[in-house]
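Just need the whole structure built from these sequences, with the hints factored in.
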Amino acid sequence: KQEVTQIPAALSVPEGENLVLNCSFTDSAIYNLQWFRQDPGKGLTSLLLIQSSQREQTSGRLNASLDKSSGRSTLYIAASQPGDSATYLCAVIEGAQKLVFGQGTRLTINP
Amino acid sequence: EAGVVQSPRYKIIEKKQPVAFWCNPISGHNTLYWYRQNLGQGPELLIRYENEEAVDDSQLPKDRFSAERLKGVDSTLKIQPAELGDSAVYLCASSLDSHSYEQYFGPGTRLTVT
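Heads up: the sequence lines are chains A and B, in that order. The first sequence begins at 1 in this note's numbering and counts up by one. The second sequence begins at 1 in this note's numbering and counts up by one.
Keep in mind that the hints were calculated from the coordinates and are not lab data. Incorrect hints may have been included.
[Stated by the list, open to error] Here are the simulated DMTMM-like pairs of lysine to aspartate or glutamate, each with C-alpha atoms no more than 25 Å apart in a straight line:
1) Lys11/B <-> Asp57/B
2) Lys42/A <-> Asp63/B
3) Lys68/A <-> Glu83/B
4) Lys62/B <-> Glu14/B
5) Lys1/A <-> Asp63/B
6) Lys98/A <-> Glu14/B
7) Lys1/A <-> Glu102/B
8) Lys1/A <-> Asp86/B
9) Lys16/B <-> Asp63/B
10) Lys62/B <-> Glu94/A
11) Lys1/A <-> Glu14/B
12) Lys1/A <-> Asp74/B
13) Lys98/A <-> Asp86/B
14) Lys68/A <-> Glu94/A
15) Lys98/A <-> Asp39/A
16) Lys11/B <-> Asp39/A
17) Lys15/B <-> Glu83/B
18) Lys16/B <-> Glu52/B
19) Lys15/B <-> Glu52/B
20) Lys68/A <-> Glu52/B
[To be verified] Per label pair, the in silico range of CB-to-CB distance:
21) Ala29/A <-> Ser98/B: 14 to 22 Å
22) Lys16/B <-> Ala79/A: 27 to 35 Å
23) Pro8/B <-> Ser46/A: 38 to 46 Å
24) Lys62/B <-> Tyr76/A: 36 to 44 Å
25) Tyr76/A <-> Asn38/B: 24 to 32 Å
[Unchecked claim] One side only, chain A facing chain B, incomplete, derived with CB under 10 Å:
26) Leu44
27) Ala91
28) Gly102
Beta carbons are placed, not taken as given, at the ideal position from N, Cα and C, and that holds for glycine.
If you want it as structure tokens, here you go:
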């Protein structure tokens, strides 16, 4: 059974810092990996989707990498801003569009 | 374009009472998902529909949970009777079709069972 783990569970950093969120998974037979953002009381917003044949994806200040062989992905956030405060979830996509989520990292950016 | 709509947004009930959640997916999206998210955890899939057919309900606790998507558009998830452990956020998501990896999530319904 696929297990997805995110470390750390919570992270607090000063504004302007670069930071890395980690995601690991136990079964490398995945189709894709996706990073989401969840704001309190709201649903999930997709940030980046990395296909299994890719090693990274970039969108603005966000960069996500994928290493299937080691079962790891990272989300890099450059020049963090208070508006980046949210919970970040990674999910591996298995066959038939099944998403298996990690428990999330709660990120706080302090002004 | 309207996103995934869910109602109610919040629900508080006593244990053993029934409760129902409603979801209207993005127009034209054939695939609909219900997830449950416990506090401090990621969402877990309960059921997936392709049009009106439930193609994956292996994680749905069938003794008390039921779902329907009669016309292949909106969907209802029901719990009867509710238990204290059912307190969670219930998320609905939709995607264009079975070949699309992009799932779009609604805001969820926060259920509290007392």
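Going through the hints against the structure:
1. Taking the CA atoms of Lys11/B and Asp57/B, the gap is near 24 Å; set against the 25 Å cutoff, the hint holds.
2. For the hint pairing Lys42/A with Asp63/B, the CA-to-CA distance comes to about 29 Å; that exceeds 25 Å, so the pair is violated.
3. As the CA atoms of Lys68/A and Glu83/B are separated by approximately 39 Å, the hinted pair breaks the 25 Å bound.
4. As the CA atoms of Lys62/B and Glu14/B are separated by approximately 20 Å, the hinted pair is consistent with the 25 Å bound.
5. For the suggested pair Lys1/A and Asp63/B, the alpha carbons sit about 23 Å apart, so the restraint of at most 25 Å is met.
6. With a C-alpha separation of about 32 Å, the suggested pair Lys98/A and Glu14/B falls outside the 25 Å cut-off, and the hint is violated.
7. A threshold of 25 Å between alpha carbons decides the hint, and for Lys1/A with Glu102/B the separation of about 23 Å falls inside it, so the pair holds.
8. For the given pair, Lys1/A sits about 23 Å from Asp86/B by alpha-carbon distance, which is consistent with the 25 Å threshold.
9. For a cut-off of 25 Å, the pair hint linking Lys16/B to Asp63/B stands: about 13 Å separates their Cα positions.
10. Between Lys62/B and Glu94/A the alpha-carbon distance is near 24 Å, which keeps this suggested pair within the 25 Å criterion.
11. Between Lys1/A and Glu14/B the alpha-carbon distance is near 34 Å, which puts this suggested pair outside the 25 Å criterion.
12. Only pairs whose Cα atoms come within 25 Å are accepted, and Lys1/A paired with Asp74/B is rejected, the gap being roughly 31 Å.
13. Of the supplied pair hints, the one linking Lys98/A and Asp86/B holds, its CA atoms being roughly 22 Å apart against a limit of 25 Å.
14. Taken as a hint, the Lys68/A and Glu94/A pair is honoured in the structure, with Cα atoms around 13 Å apart against an allowance of 25 Å.
15. A threshold of 25 Å between alpha carbons decides the hint, and for Lys98/A with Asp39/A the separation of about 22 Å falls inside it, so the pair holds.
16. For the given pair, Lys11/B sits about 19 Å from Asp39/A by alpha-carbon distance, which is consistent with the 25 Å threshold.
17. Of the supplied pair hints, the one linking Lys15/B and Glu83/B holds, its CA atoms being roughly 5 Å apart against a limit of 25 Å.
18. For the hint pairing Lys16/B with Glu52/B, the CA-to-CA distance comes to about 29 Å; that exceeds 25 Å, so the pair is violated.
19. The suggested pairing of Lys15/B with Glu52/B is violated, with an alpha-carbon distance near 30 Å, which exceeds 25 Å.
20. For the suggested pair Lys68/A and Glu52/B, the alpha carbons sit about 35 Å apart, so the restraint of at most 25 Å is broken.
21. Checked against the hint of 14 to 22 Å, the pair Ala29/A and Ser98/B passes, with Cβ atoms roughly 19 Å apart.
22. For the pair Lys16/B and Ala79/A, the supplied restraint of 27 to 35 Å is violated, since their beta-carbon distance comes to about 52 Å.
23. Pro8/B and Ser46/A have their C-beta atoms about 25 Å apart, which leaves the hinted 38 to 46 Å range violated.
24. Checked against the hint of 36 to 44 Å, the C-beta distance between Lys62/B and Tyr76/A comes to roughly 42 Å, which is consistent with it.
25. Our hint of 24 to 32 Å for Tyr76/A and Asn38/B holds, since their Cβ atoms are close to 28 Å apart.
26. Interface restraint check: Leu44/A against chain B, minimum CB-CB distance 4 Å, threshold 10 Å, status holds.
27. The interface hint given for Ala91/A is met, as the beta carbon of that residue sits about 7 Å from the closest beta carbon of chain B, less than 10 Å.
28. The beta carbon of Gly102/A is positioned within 10 Å of a beta carbon in chain B (closest approach about 5 Å), and the interface hint is therefore held.
Comparing the model with each earlier hint shows violations of hints 2, 3, 6, 11, 12, 18, 19, 20, 22 and 23; every other hint is respected.
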